[in-house]
Every structure is written in structure tokens, then in C-alpha cells.
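Undergrad: Each chain is listed here by its residues.
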Amino acid sequence: MLSADQEKQNSFQRRICEGDLVIVYERHDAMKPVTVRAGSELQNRFGVFKHSDWIGMPFGCKVLSNKGSFVYLLAPTPQLWTLVLSHRTQILYIADISFVVSFLEVVPGCVVLESGTGSGSLTTSLARAVAPFGHVYTFDFHEQRAASAREDFERNGLTRFITVSVRDTQGEGFPEEFCGKADSVFLDLPQPWLAVPSSGKMLKPDGVLCSFSPCIEQVQRSCEALTTNFTDVRTFEVLLRTYEVRDVKFGSLGGDGSGGAVRKPPCKRKNRPSSDEENNGSMERSTSTVMAKPCPETRGHTGFLTFARLRCS
Amino acid sequence: MGEEEGGHSPNPNSKVTWEGCSVLLDINGGDRLVFARLSPAASLKIGDKKCSLQPLVGCPFGSLFQVETGPKGAHLVLVSSPASSSPGMTEGMDPQEKNDGKLKGDEKDNRALIDDNRAQNLTGEDIDAMRRCGASGDEIIEALISNSSTFEKKTVFSQEKYKLKKQKKYAPKVLLRRPFTRSICEAYFKKYPSRIGFLRVDTLSLLLSMANVGAYSDVLVVDMVGGILTGAVAERLGGTGYVCCTYPGSAPYSIDIVRMFNFSSEICSRIVQTSSSSLLSAQDGDDEDDSSSDPPSNKDNGSMISSDEQSKKSTTDGSPVPVPTSVVNAPPTKKSVNPGMPASPDAIKLWKRRGFSSLIVAAPDMDAWSMVDELLPLLSYSSPFAFYHQYLQPLATCMHRLQTEKKAVALQVSESWLREYQVLPSRTHPHMQMSGSGGYILSGTRIFDS
Ligand SMILES: C[S@@+](CC[C@H](N)C(=O)[O-])C[C@H]1O[C@@H](n2cnc3c(N)ncnc32)[C@H](O)[C@@H]1O
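As they're listed, the protein sequences go chains A and B.
For the first sequence, my numbering begins at 622 and goes up steadily by one.
For the second sequence, my numbering begins at 1010 and goes up steadily by one.
So here's chain A without its partners, still in its complex pose:
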């Protein structure tokens, strides 16, 4: 995912190779990560796809199944990874992730501590932000989750930037060896306030902490714990609202005598253009305009993000 090696970066020349991780894209809400192996096949509702057909093709290409249906093969990015990873826990999504990375002031070279690792959704983006000189140390007390996360990072080629450890950070705090070494600390824990004192010890002066909590009671307690050693305590909620874009046809009064009633409802499929054949001729006297409206179903809450800066004294 993050490589200094030109061969592994996106370019017009890059081709899919044996062992590459690709994101198989059917639709914006149907994607799957697949590691390319010459002898393997991918089977889905569109039929059977042979990996051997993919090797040597450019990333971003369309590939066909035995039934003539197609999918796109995309190069993985942290954003796509967040959409396809296996949910072993609740995860952070792009709006929170983007905000966290900016507000934690994570730049290349930073040392970031994180707990818990969970499904590694945020970790992947943190790794992108600290590369190529920095490092993310992430801790989860759940052995199996830590192991699965480690595998995922390896699959994405991120092991150089991430170290996963098993540790109860609420009980024991972060390891002493990181005292005064962290530029930023991120907490996504059930009782984050228990890890706040240790976080304060880990941070460099003026370093930033962020705690993500779904419940306001958690925020309240965390903020209380933060008053001792932190300043600039701020709590936010960030959400992403997505829009449906459609070519909407309105009938106009007069003309065909039908009173301008729209005979055909606008194309139902979300985010899809209505094909020309479908609409041509179905309404003679209609005007068509591309319009946008918020998607009706949306996430109403993810969590509160509390940021604080270690006080200098």
C-alpha cells in the first residue's frame, strides 16, 4: 500500500502481479479484497473469474467472468481497506479517520501510540500518515484480534510502519519504553479515562491525544481525567452526508395532452446514470436536469472525538 518502490506505485505502467492485493469492485457497496494467485479463482454472483487472467493487466482495469460479466480491479488504499476489511470490532470510518489524523497533527516521522487496535481500520490510515520515517505502535488486549490485525497489515505491506502488541492498556497503561516519545496518542477503549494518565506520560510536550467514544458519559469522564495534565480540550462529532445524484426528468405542462405527468419515475438505482435507451422516447416533452439530494439512509452517530494537548510546564 505504501511503497518507496516505483514498481509498486500506481502508474500507467503498473501491472497486476502474482501476490498483489487487489480490491475487486462490483459496486460502491460491494467490494472484496483478493490476493492474486495464478491458480486461484474468484467466484461471485457474476460467475467465475480466473486470477491468471488478471496478471499482467493494469490496475483499474475491467475483467470478465466466464459469463461475460465484469468487475474492476483496484489498487488498495487505506480508504478502500476500511470499506472491505473484516469487522472484528466496531471500526472508524473515513470521516472520523480523516479528522483524527489531521487533528492529531500526524505527519511523516511521527511516533503514534494507539489502543485498541480493533480491526485496524484507523491504524492503516495512521501508517500512511507516519510513513516513511515514523511508526505506529498499536495495542489491544485481545490476542486474536491483535494477530488478525497483524496479518492484515502484512497483507497490505505495512509491517514496516506498524507494530501490534497484546496489552491491557486500561490496566497497565502503555509500556514505559515509550515515555516522552509519542507525538500523538489515540484511544478507542471502553474506559478511556483509565489510560489517560499513562497517555500523558507517553506524550512529548505539546503532543496531542484523541479519544473516540460513542457515549457522552464516556466523554464526560475522559474530560474530567484530562483536566489534570492537558489543555485545549475539545470535543467534536463529525459525520459524512452522502448525496444521490440523478438525472431527473420533469414533465412540462401541455404538449402531449397527458397533463405533463411523468410516465417514468427517475432511475431508481442509486448513484447510477440512467442509460440513454431507457429514457429516450419515454417522455417527449420533458426537461432533464442532474440533481442531488442527501441519501435517505445515513449514519446518525459514530462517536465523539475528544482532543487534548499535553500541557507544557
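A few of these clues could be false.
[To be verified] The calculated lysine to any residue pairs, modelled on SDA-like cross-linking and capped at a C-alpha distance of 20 Å, are:
(1) A/Lys629 to B/Phe1457
(2) B/Lys1416 to A/Pro679
(3) B/Lys1170 to A/Val854
(4) B/Lys1361 to A/Gln634
(5) B/Lys1024 to A/Gly801
(6) B/Lys1358 to A/Glu628
(7) B/Lys1416 to A/Gln634
(8) A/Lys683 to B/Glu1414
(9) A/Lys629 to B/Tyr1225
(10) B/Lys1177 to B/Asp1147
[Said to hold, decoys possible] Covered, in the sense of this in silico footprint (three residues per stretch, anywhere, with C-beta under 8 Å from a C-beta of chain A), are these stretches of chain B:
(11) 1215–1225
(12) 1243–1254
(13) 1360–1371
(14) 1385–1396
(15) 1401–1412
(16) 1419–1428
If you're looking for bench data, these hints aren't it; they were derived computationally from the structure.
Fair warning: this is a prediction, and the values are worked out from it, not measured in the lab.
Idealized CB from N, CA, C, for every residue including glycine.
Once you've looked at the hints, dock chain B with the ligand against the given chain A.
TA: Positioned in the frame of chain A, the structure of chain B with the ligand alone reads:
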């Protein structure tokens, strides 16, 4: 750390200021935000007093200073334990909060309080006299409190508010901040949103994620938002990869905000500019736009700056930095690389051959589709793009065309919503004021289409 030229940090992640470095000053807990450069002559006007910024040099970012008025005038003094104001009363405090909530154990309320401006026994002359005798700001505040006939009757919460108000007036505090994308964008959005095209910090952060900006990226940007986008991208690249700012016509857009970041020469050298016509010229290696025919003199083929193009320096040079500030700014001494040098013909050739790895457009005054139509072919296959606009409609139209012409997948028009909260015991609620719009984003991934 040692001395520095040109305001460039020796260590990109330095935690201590140096002479010539750019800083963000937060006056009285967010009341006023000022960018300044710590040149020897720099000073700042706080209230009616002018203070030298010299005491800030060599201090860790995050240090808190207080204005003290002595016999020789006002000066900034480092506050060693910046814990004097009660937590939660500073930045997170909602100015709209009028109803004095009851804290635990606070039985008082405001029923007996009469606000007739006669509660204070100290006069302006008294205070001036105290000052002449060298009283500190804190001592003046103490005196004001003990001479206030109503202070004792106030609720704990109101007492805190009273103290804070007096502190702001008689002992203003200055917090030394390191300018990062986050603080620069927030400061501009608060004070001069039009200069950054009303691009809110959460939207900017999304642009960077959605376009997959990270180490080694070659990012093509159209930055008509003053340089905040270019700076944000360069910050994420940390001296690897390139930010290539492109522009139609012959004059690059101003990217002056880039100077607010404390970029090292290494990072500055990764910010280059070129006209879209030179990127789009038909054949590979057709450098019609470059008058200089010298072969690139790069020893290391990593350098993308042509050394002989000083004469074609971008508009960033010489034009005043749009610093929202009252600071007297000595221009940074320039020995090091300026951001925004013209891209070398070699670099352009390479990008044409390989394609860019990200594309971000923030061009509020341009037709979105024409931009996209022109620039998308420069983006390598499977690479993501993100377009910002203040208005929804141009992006909707653009998305529709991209779909119809099957140029991209994973298309999405989105809008970020950001709400800040006041968190205080028994008084937690969203801020009364919030930004209603931070702009819209069209994001997607280019597909292989030939
Ligand atoms: C919600 S998940 C984190 C999700 C993650 N932020 C992501 O984006 O994928 C919370 C994680 O914290 C871990 N956890 C809970 N208590 C912990 C503790 N005391 N020490 C370490 N990890 C803990 C859980 O095992 C779980 O994996």
C-alpha cells in the same frame, strides 16, 4: 536545534521555536488568532500595548505567556505553570453560555445579584497607579476581586467568568502554537474564510484521505484556495513525492499560505508549479512551455526543480503574505528553497509517462467538469481523485458525466458535518454556533479506459 535561515526548521518535527520560524499565537483562549514570524524585530499588539516577540524564541510550542506591564512598557512573560484558569473555561467554553448552571455543591444562584456597574470600588486611576508601582496582572485581578462588592454573592461559575474576563483585560495570555494544517485552516476559516474558498478543516482532511495522499505520492493539485491545499498536501508528503500545482493560462495562483507552515527546504523543494498546458502538451517531452532549453542539471535524478529557472519564479515571491495579523513582519531571509518553483521539464516528462498518483482540485471559480475532463487523463489508472466545491451543483453535474462516460468508479458526492461540544460537569451540550457548511466533495477512482 541551533540557528536557522529562511525560517526553515532544521527538524521538521521540532518542538521548540527558532528565530525566523512561523508561529500561531492564540490570544486569550481563542479570542484572537495571529500568525507571526519570530524575526528579531517582530512585535505584537495586544490590547493597546505592543510587545516584542523575542521572548518566544527558543521556547517549546505550547508555552503560555502573559502580558505584564512594567515601568518599561509591556512585555511577554513565560507563565511557568499555565494552570491558573480553571479547566474547561478557556477554549471549549461557549460564549453563548449565559445561564449559570449549578455546579455540584454550589447552592448560590443569581436572585440577589444587581448589576448596576457600581459593584467595583477600584477606579481606572487606582489601577493605573498600581501598574506604575509594578503590580502584576494577577495582583490587579486580585485587587479587583477584593474590591468587588458582588463577587462573593456570585455562583462559582459566575466567579470563574468574572475572573476570566478580568484576566483577559489586565493579564492577557498568549499561547504559542506550532502552525499545522489543522490550526492554519481553522484560523483562516474563522477569520478569512473566503481566502481559503470556505474550505473547512474537516473537509480538507477528507480531501487528503480520499485522494490517498501519503509518502511518495505525486499529487496533482489545482489550488485556488490560497495555498492551504498545497501546504496540507506537502505536510503529508514530508519531503517525499511531489505536489505539482497546476493552473490554466500563464500565471500560477497564489499559494502564499504555504509560508505559514514551517516547511524545511526539503519539503519546499517538493512543491512545484506548472501550467496545465505544459502538462497537457500533446507529445511526451514536448516542452513548448519551457523557454529554458538547458538540459536538466540534476545530479540526482530525484530533484524535480530546474535550477536555471529562478527568473520564472512564481508569484509567491515578493507578494505580501496574507497574514491575518497586526504583526510587524520582517520577511524571512531567503537562502533556502522557495516553495512553488517551476517544475522541471524532466519532471513533467516523467509525470506524463507515469501519471500522477492523486488529483485534488479546489477551484471554486472554474467550471468543474472542464477541469476534470482535462486533468483526469493525467491521473494514473486506479488512482483516486477528490474535487472540492463550495456549491453542490457543479459536482453533481460532474459526477453524472463521469458516470455516463465511464471514466471512474466509486464515485460519491459527500459533505462533512462538524459539530463541537462544550463538555462541562452538568453543562454538556453542542456549541450554540456552528458552521453550516464546509463545502462538498466529489471523490472517485479513475479506471483503465483504453
Ligand atoms: C472499537 S475497537 C477499536 C476499533 C479501531 N479503532 C478500528 O478503527 O478498527 C476497541 C478495541 O479495544 C480493545 N480493548 C478493550 N479494552 C482494552 C484494554 N483494556 N486494553 C487494550 N485493548 C482493549 C478491544 O479488544 C477492541 O478490539
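Undergrad: All hints, please: hold or fail.
TA: Structure-based check of all given hints:
With a CA separation close to 17 Å, the supplied pair A/Lys629 and B/Phe1457 stays within the 20 Å bound. With a C-alpha separation of about 15 Å, the suggested pair B/Lys1416 and A/Pro679 falls inside the 20 Å cut-off, and the hint holds. With a CA separation close to 18 Å, the supplied pair B/Lys1170 and A/Val854 stays within the 20 Å bound. Our distance criterion of 20 Å between C-alpha atoms is met by B/Lys1361 and A/Gln634, whose separation comes to about 11 Å.
Restraint check for B/Lys1024 and A/Gly801: the C-alpha separation of about 12 Å stays at or below 20 Å, so the hint holds. The suggested pairing of B/Lys1358 with A/Glu628 holds, with an alpha-carbon distance near 18 Å, which does not exceed 20 Å. The straight-line distance between the Cα atoms of B/Lys1416 and A/Gln634 is roughly 18 Å, inside the 20 Å bound, and the hint therefore holds. The hinted pair formed by A/Lys683 and B/Glu1414 meets the criterion: a straight-line CA distance of about 15 Å does not exceed 20 Å.
A hinted pair counts as satisfied when its Cα atoms are at most 20 Å apart, and A/Lys629 with B/Tyr1225 qualifies at roughly 11 Å. Distance restraint check for B/Lys1177 and B/Asp1147: the Cα-Cα separation of roughly 11 Å lies within the 20 Å cut-off, and the hinted pair is therefore satisfied. Chain A is given as covering the region 1215–1225 of chain B, and this holds because 8 residues of the stretch bring a CB closer than 8 Å to a CB of that chain, at least three being needed. As drawn, the region 1243–1254 of chain B meets chain A at 6 residues by the rule of a beta-carbon pair under 8 Å; at three or more, the given contact holds.
Here's how the region 1360–1371 of chain B fares: 4 of its residues keep a CB closer than 8 Å to some CB of chain A, so the rule of at least three is met and the hint holds. Check result for the region 1385–1396 of chain B against chain A: holds, 5 residues qualifying (beta carbon to beta carbon below 8 Å, three or more required). Check result for the region 1401–1412 of chain B against chain A: holds, 8 residues qualifying (beta carbon to beta carbon below 8 Å, three or more required). For the region 1419–1428 of chain B, the stated coverage by chain A is satisfied: 10 residues place a CB nearer than 8 Å to a CB of that chain, which reaches the threshold of 3.
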